[in-house]
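Residue-level listing of the chains:
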Amino acid sequence: MAKQLIFTPNRCVDCKNCEMACSFVHTRDFTKLAMPRVQAFTFKEDIKAVSVCQQCEDAPCQKVCPTGALVRNPATGAIERTDSCILCKSCTLACPYGNIHFDPVYDEIVKCDFCGGDPACAKVCPTRALVWAEEPAPDIKQDAEIERVFTEEEARYSANRCLDCADCSECGECVKACPADAIHFDMQPEEIKIEANSVIVSTGFKLFDAHLKTNYGYGKYPNVVTAMQMDRLVSPTKPYNRTMRPSDGKAPDNIAFVLCTGSRDCTIGNPLCSRVCCMYSIKQAQLLMGSLPLADITIYYIDIRAFGKGYEEFYQQAKEMGVYFVKGRVAKIEPVEDGNLSVFYEDIDGGSGQQQMEHDLVVLSIGLLPNMDALNLFKNGDRLEADAYSYVKEINEDIEPTRTSIDGVFVAGTTSAARDIPDSILHAGAAAAQAAGYIHQLKASR
Amino acid sequence: MSDKRRIGVYVCHCGGNISDYVDVEQVRDAVKDDQDVIISKNVMFACSDATQQEIIEDIEREKLDGLVVASCSPTLHLQTFKAVAQRANLNPYQYTQVNLREQCSWTHRNNMESATEKGIKLVRAGIARTRLTEPLTNIRIETKPRTLVIGAGVAGLRAALALADLGLAVFVVEKESEVGGWTKKWGKMFPNNRLGNDTIEYLLEQVKQRENITLFTDAELIEKGGNVGDFSIKIRVKEGETVSLDVGAIIVATGFDSYEPFDGEYGYGLNGVVTLPQFKEMVDKSNGSLNFNDHQVKNIAYIYCVGSRQPEDGEIENPNLYCSRYCCSAAVHTASCVADIDPNINQYHLYRDMRTYGKYEVMFENAGKKKSLFIRFDDESSPEVEVSNGALIVKVNDALDGGEEIEIGADLIVLVTGMVPRENESLTNVLKIPIGLDGFYNEIHPKLRPVETVVDGVFISGTSQGPKTLAESVTSSLSAVSKSAALLMKGYVDLEPFIAEVDTDKCVWCGECEKSCPYGAIEKVVCDTKEVATIIPALCKGGGVCIPDCPEDAIEIKGYTDQQIRSMIDALAKEVA
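Line order of the protein sequences matches chains L and F. When we follow the numbering used here, the leftmost residue of the first sequence carries the number 1, and every step to the right adds one. When we follow the numbering used here, the leftmost residue of the second sequence carries the number 1, and every step to the right adds one.
Calculated directly from the structure, the hints in this document are not laboratory data. Note that the Cβ used here is the ideal one computed from N, Cα and C, for glycine as well. Take these hints with a grain of salt, some might be off.
[Said to hold, decoys possible] Pairs of lysine-lysine residues, derived as DSS-like cross-links and limited to a Cα-Cα distance of at most 30 Å, are as follows: (1) L:K393 / F:K447; (2) L:K332 / F:K369; (3) L:K193 / F:K490; (4) L:K206 / F:K144; (5) L:K393 / F:K188; (6) L:K176 / F:K188; (7) F:K370 / L:K393; (8) F:K63 / L:K176; (9) L:K238 / F:K447; (10) F:K144 / L:K443; (11) L:K283 / F:K188; (12) L:K443 / F:K524; (13) F:K144 / F:K82; (14) F:K541 / F:K524; (15) L:K176 / F:K32; (16) F:K41 / L:K176.
[What the hints assert, rightly or not] Computed beta-carbon distance windows for the label pairs: (17) L:D387 / F:V243: 42 to 48 Å; (18) L:H211 / F:L448: 32 to 38 Å; (19) F:Q278 / L:Y324: 36 to 42 Å; (20) F:N89 / L:M228: 38 to 44 Å; (21) F:Q278 / L:Q317: 29 to 35 Å; (22) F:E575 / L:A182: 41 to 47 Å; (23) L:E334 / F:D263: 40 to 46 Å; (24) F:V387 / L:M228: 50 to 56 Å.
Isolated chain L, as found in the complex (with noise of 0.2 Å):
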């Protein structure tokens, strides 16, 4: 008799190592993401369960399946799935089990492959409530026979110590594949003591952070992100090299981006503009059309400040290519159904009131602070002086640009008002420009 995974369900904790191990021997990654081929629950409040693959004699997944990609392994008794398969997931329908998934992270049909006969679940499962044994097994009923090698307790510490992070277990590999040179575990902190005559400060800003919106629901519901982790997620090294929303990997076709979120609202604290925010959205917007061409792409937005220079070309670029721009605050991000969001805006162009609109990602298009530990950075009593909002003042902003409060000390960038990569180039020239002037008068006059 071939070996089968037999399971008992008393002996069974529901301590997940099995779904851990299963997913890091067919996908070499610990994350929720990486779908299991056996999973492990608990129902009705205490019965716990493995629910796993029967590779069943008459499969109804193999029957279905048009391409016939399902196929049976006569090494292992396990059906497995083979490069043929197109994707239609008729099989995820067709088990009565639901043990054959579709998993969209990594776009493919998972099911159990007995681990080509040397199943990773079964020789993980603490409790021995799975094992890979023939059938039938003659103390399957006998329980109280077979010595448990961990108590429940203990199964639970050692699933545990897992923390599902892929952090970092200092091993040391990275070290010696970064071809920069770039870690090292063994730095401490040392300090550098320089003379300078003059400093150049350009500490940057700070993000509004989005949990502050509390009616837009961010770190609340999943598939309300922020412009910065958007940018993560249509970068051309993005995780998994596809644009997906986090709450179950499912590539988004209808995308809102709500401007404004922490800039021009007073109910936050922050009267002023961040300057970047319409032009990053209608970016990402740009990249988004084309990494999900069917996706549609919604704009809420106060005013389209596109005022650099080619800026209004590129918004208008953008209206071409099909991104709607819909003129009003959003008001606030409710659920609705599959992580799915509501979004109540006022339709100011359509003249129709209050309206609301589902999605399924929203992405927040998040606005820019003062960095106020910039002010306190020299420590001999110097407070660097702030203006009305907390950036860093420049005490003569026409004539004498990144010039602050104290002498020989200059600002360049976004430490002293929000601005764009353009325009903080050319504040961090005029920088150097007055750094090297007051260095040059300084040593005239010695």
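Could you slot chain F onto chain L? The hints should help.
Positioned in the frame of chain L, the structure of chain F alone reads:
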């Protein structure tokens, strides 16, 4: 050349920019066994630090004597990879950049197979050229510690001061008889209400205190020769006199023109329809109350985006597609000034998007608090100006109120006009710097090199580059100061060695080349009793006009020899197996 070469080839994905349309793996494999190719690799981003390091290690380990990177345009990254070669002790002139992005993937998005084939040919041409490269050395020249600033507006004057404070001599050339440009004409300017005239007076006073600034008014640049670090220029000063100067760098600060509406554009030409600068002058000069035609002004309507953000397919010929950046802020600031004069004046702002960016948002808020009403109109339904019973009326569909048509009676209609590039054809021709689609002078790269132009040593600043506020103009002019001072204070500049070279065996001195050279860079010398041509390196531009004029085929441009070009053509013409 029969010598065996050792060439490394790197084919870049550019994160999909190339690899989405060109099969970069196929390109890599196609050339990996080609003659003299030691390494053929794919890289995700050739310009990334990690890949640069990888290339350097490959060059050192495999003792490569030639490098080909197939990535983007040389304007973007030629210098990057020349520096990579240099860091690996490979002569930078044995590097060839193949433009697989602008000239291949981006231009052939619809046909991957053909794009890949073209890609292979382009890379082979690059390899062919690299095979024939020889180490070359830069030509070093001394820089002149002097800068020419063109334009004595706020940007030009501030740049002159900063340069002078760095110990560099400055010549400022102003076309008008007075300095100060637009700023001098204006009263209170946003955001801090300082008078424009005060700003100019202050700067001019400072300029006068510095001995190393020479100011020419009523003057014009008429000639520019030489090259970066050592330009020889000619300025026409009063009464047909000219002055010749040697400078190391040039900063262009020629400013902008205000948009002049055409007759009938939003009622322009009617009594009471004025541009923003005209209105600004009225407000600046008002004394206690705002009057027009001897009547106290009660109602003002502002129409925004006049001359800016014009539709591409509308009736206007050569529309200004761009946003003029400063006008929203300037208009709401002016409205606040009006409210300070007479708080009872009703002010209606007809706008499309209120672009009071950053901290200027506060001025928008303030205007709202001071009895300004904001009415938004759609791009498709512009306001209309009419005269009814001798009074001005604006009709507009209020987008904030469901598109309902409203009529506003106004004593004054202010057309919020934008900035347009200054008409300056003769100067542009002298400087030979490029103009962008919007008509303003074009920088090399808005983020990476925002004040540099394709002409080395010529920098652009202020509104000559695009619409800016006063503070932004000064910021950009100081940025140009940084660039030109860094260039001049180093004391020397290295020029590329792509100049002509005479084969003295072939040359019979017929003098044809000397006649053809526009720079006077060729002269006769005696070499081993034979009369031959010789090249003066500092004057030769590598233009190559002498080459076809030479009956003996005795002249070549270093780095672009006939043999190299022929080998590239051969490689491009050869079928991909």
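Hints, one by one, checked against the model:
For the hint linking K393 of chain L to K447 of chain F, the alpha-carbon distance of about 24 Å falls within 30 Å, and the restraint holds. A threshold of 30 Å between alpha carbons decides the hint, and for K332 of chain L with K369 of chain F the separation of about 27 Å falls inside it, so the pair holds. For the suggested pair K193 of chain L and K490 of chain F, the alpha carbons sit about 27 Å apart, so the restraint of at most 30 Å is met. Annotation: proposed proximity of K206 of chain L to K144 of chain F is violated, straight-line Cα distance about 44 Å (limit 30 Å).
For the hint pairing K393 of chain L with K188 of chain F, the CA-to-CA distance comes to about 21 Å; that is within 30 Å, so the pair holds. Distance check on the hinted pair: K176 of chain L and K188 of chain F sit about 62 Å apart at the alpha-carbon level, beyond 30 Å; violated. Between K370 of chain F and K393 of chain L the CA atoms are separated by roughly 26 Å; this keeps the pair inside 30 Å, and the hint holds. For the given pair, K63 of chain F sits about 24 Å from K176 of chain L by alpha-carbon distance, which is consistent with the 30 Å threshold.
For the proposed pair K238 of chain L and K447 of chain F, the alpha carbon gap of about 24 Å is at most 30 Å, so the pair holds. The suggested pairing of K144 of chain F with K443 of chain L holds, with an alpha-carbon distance near 22 Å, which does not exceed 30 Å. Between K283 of chain L and K188 of chain F the alpha-carbon distance is near 36 Å, which puts this suggested pair outside the 30 Å criterion. Distance check on the hinted pair: K443 of chain L and K524 of chain F sit about 50 Å apart at the alpha-carbon level, beyond 30 Å; violated.
With a C-alpha separation of about 27 Å, the suggested pairing of K144 of chain F with K82 of chain F holds against the 30 Å cut-off. The suggested pairing of K541 of chain F with K524 of chain F holds, with an alpha-carbon distance near 18 Å, which does not exceed 30 Å. Of the pairs offered as hints, the one joining K176 of chain L and K32 of chain F holds, with about 28 Å between alpha carbons and a cut-off of 30 Å not exceeded. Only pairs whose Cα atoms come within 30 Å are accepted, and K41 of chain F paired with K176 of chain L is accepted, the gap being roughly 21 Å.
For the pair D387 of chain L and V243 of chain F, the supplied restraint of 42 to 48 Å holds, since their beta-carbon distance comes to about 45 Å. At about 35 Å, the CB distance of H211 of chain L to L448 of chain F agrees with the hint of 32 to 38 Å. Here the CB-CB span from Q278 of chain F to Y324 of chain L is close to 39 Å, well matched to the stated 36 to 42 Å. Take N89 of chain F and M228 of chain L: their Cβ atoms lie about 41 Å apart, and the range 38 to 44 Å holds.
With their beta carbons about 34 Å apart, Q278 of chain F and Q317 of chain L fall inside the hinted range of 29 to 35 Å. Between E575 of chain F and A182 of chain L the beta carbons are some 45 Å apart, a value that agrees with the proposed interval 41 to 47 Å. Under the hint 40 to 46 Å, the C-beta atoms of E334 of chain L and D263 of chain F, about 54 Å apart, miss the expected range. Taking the beta carbon of each, V387 of chain F and M228 of chain L are about 53 Å apart, inside 50 to 56 Å as hinted.
Hints 4, 6, 11, 12 and 23 from the list above are not met by this structure, while the remaining hints are.
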